[in-house]
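Peer 1: Letter by letter, the chains look like this.
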Amino acid sequence: MKLPYFPGCTLYTRARGLDHSTRAVLAALGIELEELPNWTCCGTAFPLAQDNYIGMVAAARILASAAQHNGRLVTVCSFCYHVLKRVNHSIKNNAEARRKLNDYLEQGYGGETVPVHPLEILKHDVGFEALRARVRGRLKGLKVACYYGCLLVRPAAEMDFDDPENPTIMEELAAALGAEPVHFPYKTACCGSYQVLNAYDVVASRGREILAAAAAHGAQVLITSCPLCQFNLDWLQGRGEGTVLPALPVLYFTQLLGTALELPAEGLGFESHYVDPRPLLLG
Amino acid sequence: MVSVGPSGELCEKISEISGQNPFLCMQCGTCSASCTGIGVMDLLPRQVVRMVQLGRREALACRSIWVCSSCLACTARCPRGIDIARLMEALRAINLRKGHEVLSPERIPAALLTEVPQMAVTCAFRKLSA
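As given, the protein sequences belong to chains A and B, one line each in that order.
Residue 1 is where the first sequence starts when you use my numbering, and the numbers rise one by one after that.
Residue 1 is where the second sequence starts when you use my numbering, and the numbers rise one by one after that.
No lab work stands behind these hints, which were simulated from the structure alone.
Some hints here could point you the wrong way.
[Stated by the list, open to error] Heads up, simulated SDA-like pairs for lysine to any residue below, C-alpha to C-alpha not over 20 Å straight-line:
hint	chain 1	residue 1	chain 2	residue 2
1	A	Lys100	A	Arg86
2	A	Lys2	A	Leu29
3	A	Lys123	A	Leu105
4	B	Lys13	A	Lys2
5	B	Lys13	A	Tyr53
6	B	Lys98	A	Lys92
7	A	Lys92	B	Gly19
8	B	Lys13	A	Ala49
9	B	Lys13	B	Gln53
10	B	Lys98	A	Ala49
11	B	Lys98	A	Lys2
With the hints as extra help, turn the sequences into a complete structure.
Peer 2: Below you can see the structure in the form of structure tokens.
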């Protein structure tokens, strides 16, 4: 199966590990990602001011360009997925948004593209039972905290992804891979996000709480789909600001999956982590 | 402090930009209890909404609107269905549209800029600079 793919800017720079591991695991499962031509940044922030349509134009262009490929558009970064999904929802359900955004598009677009996250592909196309049959127990007993953060699940009515207070799709994945997902009450807490550049204390305090909660529930690794969550939680520990001992590797879910599928570790992007996950995962 | 005329006008302007009715708020504080940035805020989110209801300019001048991370926890949990993150964005927008910003490139340590993911930079400047 071939699906169009929108990587997003961070996946070409600071989060290459997420891009490479996503392509590698889906390829191993028979899904080829075809990168959209001429893509741009999605805008990163879904505009919350009602009159800010210009903040939606980049995402509208991306969605419209994918419409020529009939149907689904894969994107894995939580920011990109959030923005594409919400802008698409606006175009579909808000006549004024549809009219104004179409003024900026070369061809008419009415919300036909369906942004889809690899977690959804793994659950619905590949199937967790099929995955369970594929893996050979490399992650057996590994305790995993599944961290969703804010953008994947909220607002539930527009994201329509999973339960906004108690999502379970990553736990289902981890369990299918033979790992043990731990109870993790902070799974939908926010890491402080872009405030790392403005109100560092927010990221430091929230990050410490999130890491401490994961460790307190026995987690050995934490998984996410967001490059900013990954950075904030990993970098804090790199600065010696995590309170967790031993340090908690912060992985993309695709890196965990790639390890379970026994894909070559060099292709999964582990080398750029502050807390090196290799001793634990590859031992 | 940014001025927007008589107090009733502030509330009207915020309702227009956010599409939200701040008078639905019953001051239960669920937003404050859910908030990511609460530890460094001067006004609790509940108090920000109250200031908006009263048309008080403190809502525009507080630190809270700038340390909000738009995580939507307040929005998801508000029992009155108010999208509080949109109220916060409206308060930022009124400031930013008059040129009042809190983030400038010089304020960010160069070492951090080379490490942080791109979306943090783009998102922070879209939210916090004019």
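Peer 1: Which of the listed hints are broken here?
Peer 2: 3, 4, 6 and 11
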